[in-house]
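Colleague: Listed below, chain by chain, are the residues.
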Amino acid sequence: MATLARLQARSTFLAQQYYFRNSVVDIFRKKEYDAAVKIQSWFRGCRVRAYLRHLHRVATVIQKCWRGYLGRQQYQLIVKLAFCSMKMNLYNAMAVRIQKQWRGYRIRKYCFNYFYYKEYLRAVSETNDAIREALEEFAEMKEREDKKADLERKEKKKGYEARKMHYLLSTKQIPGIYNSPFRKDPDPWELRLQKAKPLISQRPKVKKISVSVSNWPAYASPQVLPQPKILPPIDRKPCQGPFRDITEVLEQRYKPLEPTLRVAEPINELQAAREELRKQECMRNIHDDMFLPFSSYNKNKKYIPLMHSSSKYGPDSYGSQHFRDENPTKWLCNKLEAN
Amino acid sequence: MHSFTKDRSPRTPSGKEGVMSLLRPLLLDVVPTIQQTAALALGRLANYNDDLAEAVVKGDILPQLVYSLAEQNRFYKKAAAFVLQAVGKHSPQLAQAIVDCGALDTLVICLEDFDPGVKEAAASALGFIARHNAELSQAVVDAGAVPLLVLCIQEPEIALKRIAASALSDISKHSPELAQTVVDAGAIAHLAQMILNPDSKLKRQILSALSQIAKHSVDLAEMVVEAEIFPVVLTCLKDKDEYVKKNASTLIREIAKHTPELSQLVVNAGGVAAVTDCIGSCKGNIRLPGIMMLGYVAAHSENLAMAVIISKGVPQLSLCLAEEPEDHIKAAAAWALGQIGRHTPEHARAVAVTNTLPVLLSLYLSAESSEDLQIKSKKAIKSILQKCTYLPALEPFLYDAPPNILKHVVGQFSKVLPHDSKARRLFVTSGGLKKVQEIKAEPGSLLQEYINTINNCYPEEIVRYYSPGYSETLLQRVDSYQPLIN
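So the protein sequences, as listed, match chains A and B. Residues 1 to 339 in our numbering are what the first sequence lists, from first letter to last. Residues 1001 to 1486 in our numbering are what the second sequence lists, from first letter to last.
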């Protein structure tokens, strides 16, 4: 009970103390509370800030990597493009070079080949010179031939004249006109006359006139129309006496032969015609052997063999390999008739 | 009667009406000699004059002749064919009358006769009939004459060959179809073989026949060339006979004018040199086909024109231009020179060097030249000038050319002078610059532009020095000068 009293005495003190301590504490409680809150909030803020900082850092890293990636992609694209265009430029430049060379070559070789052109013109001028030479030679040759023919004609004419004038040859007694005694040498005509054979005056030949349209005046002349060959002499007095008219006589005498049909052809005319035919055939034939027909041309029947020998089971050996009566005992059995 | 008809043989045409009625019954006479002589007389009468030929036709003699042609002997056939030829040669109407009375078939039958004289007479009658126009030629061809004429060409008689060749030439000259008919009968090979024959009249006809065939189309010309006439034809250009030369150059011209390939063939065979020599060796109308041939060859391409130049064709052509009296030959030479010179400056230079341009100018300006010659020389001058860079030849033109040509000359100067300093110096010293200043041109025209281009090649003082009236301006300056009085 003492304690209780003590405690009860103390209780007000306790209550006071409790109140006092709590209220004292209360004064600082808010402060401390505020301070604690402040510290906590600050700390929380730090934490959050650190967290945010971390997040930022991390996000930056991600963005940085991503941007780097995108940038590198772009860069690669750009590099690729640049590389491609550089390649294309290089190729174009090389292609232009090739085309340049080719175009120059083509024009120089196919369209206007200067050296070929020069060669061609040179060849043409050479051909021209050759042709000119050849033509000149030809003309010269022709002239020479003409001259030769001319000379020959003149010679012939002179020879003919010399033959005609043979009587002007000088004799021992009388010097001819070309062998005047006052000359040193005789005239060349004299020599020609000496060489010439005297010309016997012949009956003038009936000139053969070529019958063509280009010399019609000749055509109109009476010689071309058919006429009897020998005309009677013109001014002959008619013979005294009972004579027939000379033209008739001459006509009959010189009547051309008009053989009959039988006489007109030779007697062996048939034989001769056969010979002629044979000769012609001989000429035309390739060889003289008789023409033999193909002997097996008609032998076209197919051979039909025996049924016995043409069956597909093979030929039967009977009839060729063995006969029944070769071995008669083979066919007879020893068995007695079972009755 | 015999002597009566003989009297009619000389060619007096007196009393023609009576003559026909007298001669006609003689044709039906019993004695064959009288028939023949009557036919001959008719032929010679008809040959002389076309009135008489008409009288022969009107007197109904032709049917009688044609009828009896079939059955008489060769002398009568010859005389009757001669009558038909004499009638048919005067005019197309008479030839048509002959065709109408059915003479063509009998003439073709005569072509099959054995006697060469009959064949000749028939061939010459057919040739004269076919000569006039294409319908008559077609009628002759339809009667089947062409294969027989080709056979006649192969006969040994020269006169027959001549006449057959001339008949083929007359048939094929009218149209390509007729020429094709002649070719189809195999004529070209035989004609080509006979070019080597020495007879000149035959060669004339052969070359004329081949040129009439070749002129129509490229295929026909190629067929003629395939018969290997080159280079044999070139020997004909050296023949003594003028007409052989003319016909040979006509043939080469007809071949060369179709395509560049054919011209190339002619050039490669040396034809240009041969033709140039041939031109040099003859005068007058004989030269004309050769000149035209050079023009045609040069017209195709510049290589061929250069080939003509190196074959020395240009001096020959300028000689022709200068010395020929006839206008049409001069016109042909001018045209040929224009074709040669119009391709490139090299060609124009080759033409200008021979001093032909002044000759061409004088021909153009002369009042005596025919219109054709003036046109051709103007064209030639224009085409040569537009390519000519050879200034010494252009300078004379500054002085005496008419304005339309002056324009081209000044244009050429304006093209050459800016690039060549020596030429500029020469231009000034020869007085050309002075002349150019004196030319009056409308501002804005092409001529003024050319003059400006030339003036821009020189420093201003020189241009002013040479402009007309410079001395007056100098004196004016002297007059207006105030001396400095010190």
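Because the hints were derived from the structure by calculation, they are not lab data. For glycine and all other residues, C-beta sits at the position ideal for the given N, C-alpha and C. Among the clues, some could well be false.
Stretches of chain B that chain A covers, calculated by requiring three or more beta carbons in the stretch to come under 8 Å of a beta carbon on chain A [unchecked claim]:
(1) 1228 to 1239
(2) 1306 to 1317
(3) 1337 to 1346
(4) 1370 to 1384
Label pairs and their computed distance ranges (CB to CB) [stated by the list, open to error]:
(5) A/R122 with B/R1425: 48 to 54 Å
(6) A/A264 with B/G1144: 33 to 39 Å
(7) A/F112 with B/N1456: 50 to 56 Å
(8) A/Y116 with B/I1375: 43 to 49 Å
(9) B/E1326 with A/Y116: 56 to 62 Å
Colleague: It remains to establish, for every hint, whether it holds in the given structure.
Modeller: Hint check:
no.: 1; hint: 1228 to 1239; verdict: holds (count 5)
no.: 2; hint: 1306 to 1317; verdict: holds (count 4)
no.: 3; hint: 1337 to 1346; verdict: violated (count 0)
no.: 4; hint: 1370 to 1384; verdict: violated (count 0)
no.: 5; hint: A/R122 with B/R1425: 48 to 54 Å; verdict: 36 Å, violated
no.: 6; hint: A/A264 with B/G1144: 33 to 39 Å; verdict: 36 Å, holds
no.: 7; hint: A/F112 with B/N1456: 50 to 56 Å; verdict: 33 Å, violated
no.: 8; hint: A/Y116 with B/I1375: 43 to 49 Å; verdict: 38 Å, violated
no.: 9; hint: B/E1326 with A/Y116: 56 to 62 Å; verdict: 41 Å, violated
Figure legend: structure checked against the earlier numbered hints; hints not met, in rising order: 3, 4, 5, 7, 8 and 9.
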